[in-house]
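> Chain by chain, the residues:
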Amino acid sequence: MEFICALVPHFSVALARRDNPALQALPVVTGQASEARGSVIDCSDEAMRAGVAPGMLITRAQVLCPSAAVIPMREEQAKAAGEAFADVLADLCPATEAIEPGHVHADVRGMAKLAGLGPAEYLAELQETIAGLTGLAVRVGGASTVFVAHAAAGFLAGPSCHIARREGEEALGPLPVEALPVSNEMLRRLHLFGLERLGQVGELPPTALQAQFGREGLLAWRLIHCEEPGRLMPRHDEVRIVERVSLPAPAVMSTPLVLGTEIALQRALRHPEADGRALRRADWVAELENEERLSLPFVFREPTADPARMLFVIRNAIERQVLTAPAIGIEVTLSGICSEYVRQERLWRSGPRNQEALSEAIEQIGARTRGQQIYRIVEVEPWSRIPERQRALAAYSP
Amino acid sequence: MVKNTRTPTSTGGLLPLNLPQPAAVEADRNGHPARVLVRGVLRSVVAVTGQWRIDDEWWRSEISRAYYTVELDSGAHLTMYNDLVTGGWYSQPYTAPARLKAG
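Residue numbers (numbering that gives the first Met the number 0), protein chains in the order written: chain A, 0 to 397; chain B, 0 to 102.
Do not take every clue at face value.
To be verified - Going by beta-carbon spacing under 10 Å, a handful of chain B positions derived as facing chain A:
#1 R5
#2 N17
#3 P19
#4 R28
#5 R38
#6 V40
#7 V45
#8 V47
#9 Q50
#10 E56
#11 W58
#12 I62
#13 A65
#14 T78
#15 Q91
What the hints assert, rightly or not - Some chain A residues flagged as far from chain B (calculated, every beta-carbon gap over 10 Å):
#16 G201
#17 S253
#18 V284
#19 E288
#20 I327
Everything labelled a hint here was simulated from the structure, so no lab data went into it.
Please read all numbers here as calculations on a predicted model, not as lab measurements.
Each residue gets a CB set at the ideal place from its N, CA and C atoms; glycine is no exception.
Given only the sequences and the hints, what does the whole structure look like? Please build it.
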């Protein structure tokens with residue numbers, strides 16, 4: 000077993016039912032109920048059987064399923080809960096990829112052996128752990144490819160389901176074609192051809208599928224035959240440097256805010272993570288006396304490690320802000336850590352005296368490395384619409 | 000008649016600049032970029048801010064590209080294209096061609 004898929008069917012409904020167990024016995028519809036023309040985000044199987052579907056107006060859903068409990072939920076709420084769910088998986092598995100809220104794929108190679116368990120026992124234990132930590136009815140599928148693991152979690156019976164490598168094709172055969180990650184148009188045409196099960200699609204030659212459906216057809220054939228082209232795109236936890244400064248007195252003028260920001264930037268850049276590195280992004284937050292937070296994101300045109308350059312960018316925005324209450328603290332978060340770009344123009348605009356020293360340095364570098372190290376940009380086809388044809392690097396000799 | 004000097008042809012020591020870099024992109028149903036892997040982090044595209052096509056050199060080695068300028072959820076802006084001949088995705092900063100001088 001190499002991959003697992005952890006899936007909470009109807010995630011926002013499951014969240015509502017977790018928070019209010021009385022909803023277990025009722026059909027549930029989640030949506031933006033506060034708005035007169037709010038739409039359905041998700042609904043339980045009972046509501047779906049009554050004809051309710053995501054995207055439908057809530058008023059229409061209430062007509063179709065009068066007994067349904069409509070639970071107001073914003074998409075941000077479900078997204079935040081989805082991130083918490085993905086964090087639980089990230090703590091349990093070496094590499095994870097969050098597909099959508101309540102749906103995570105993970106690479107678990109070697110984990111069963113590490114735990115001293117068989118694949119099926121490991122999967123059952125993992126399912127129990129995730130369900131215990133999140134309080135959600137999670138289904139976990141495990142297999143040698145991501146698609147088979149996903150199909151096992153979504154379509155096969157039981158809260159945990161392991162499919163061995165040699166059983167993959169056989170297990171997929173009876174599943175409906177809706178298990179395939181393809182467009183609705185392809186699914187519609189598969190039904191028109193009378194192809195309802197993956198086994199029926201898998202029996203066709205790949206060239207026929209490709210001829211009918213293009214790339215999607217070939218992808219479907221390869222997925223059914225466990226020849227998966229893709230792998231996980233694991234999430235990486237980005238390094239962030241957070242520094243907070245409390246202002247000595249509540250401030251509404253820009254001067255103390257800029258000063259506080261400067262101190263926070265200087266402190267942040269002294270962190271070991273930022274040592275010798277440049278940063279691409281700063282998030283500035285002013286904490287206000289009325290417990291509100293004024294947040295401003297800044298993405299630098301070029302990565303920089305210079306607090307003065309960062310402050311120059313941030314200062315202009317701070318001076319334009321109108322605060323709803325005095326600020327009591329400043330928080331700066333630096334992220335997008337990378338190596339710094341060389342800024343070429345400074346070298347070549349440094350005046351005739353420096354040019355001589357520069358030419359000498361270039362000659363010395365050339366002599367020491369016995370090869371060309373310094374290049375200049377020349378225009379080759381500046382009129383070309385193809386970007387890589389416009390300019391090129393030519394050897395620079397002083 | 001000019002004698003063949005047998006000197007191999009070359010670009011005179013020019014190195015290409017701004018070559019397209021392969022990019023890991025997930026396209027949506029319409030073929031527009033939906034998610035992009037940037038330095039190991041999968042970023043969602045929050046807006047497609049520009050879109051144009053380049054079709055050229057069909058008589059030689061065909062170039063057919065659908066360019067997109069996108070804004071990512073990190074706030075960064077990126078220019079990328081879908082090679083319509085090979086089907087691959089590439090990121091490439093774009094500069095508009097210089098205008099030819101009249102006369």
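> Run every hint past the structure and note whether it holds.
Each hint, compared with the structure:
1. R5: violated, 24 Å
2. N17: holds, 5 Å
3. P19: Holds: closest Cβ of chain A sits about 7 Å from P19 of chain B, inside 10 Å.
4. R28: holds, 5 Å
5. R38: Hint holds; R38 of chain B Cβ to chain A Cβ min 7 Å, cut 10 Å.
6. V40: holds, 5 Å
7. V45: violated, 12 Å
8. V47: violated, 18 Å
9. Q50: violated, 15 Å
10. E56: holds, 8 Å
11. W58: violated, 15 Å
12. I62: The hint holds - I62 of chain B has a Cβ within 10 Å of chain A, the shortest such distance being about 6 Å.
13. A65: Hint on A65 of chain B: violated, closest Cβ of chain A at ~13 Å, above 10 Å.
14. T78: holds, 9 Å
15. Q91: holds, 6 Å
16. G201: holds, 24 Å
17. S253: At about 23 Å from chain B, S253 of chain A clears the 10 Å cut-off, so the statement holds.
18. V284: holds, 15 Å
19. E288: Holds, since 28 Å exceeds 10 Å.
20. I327: holds, 26 Å
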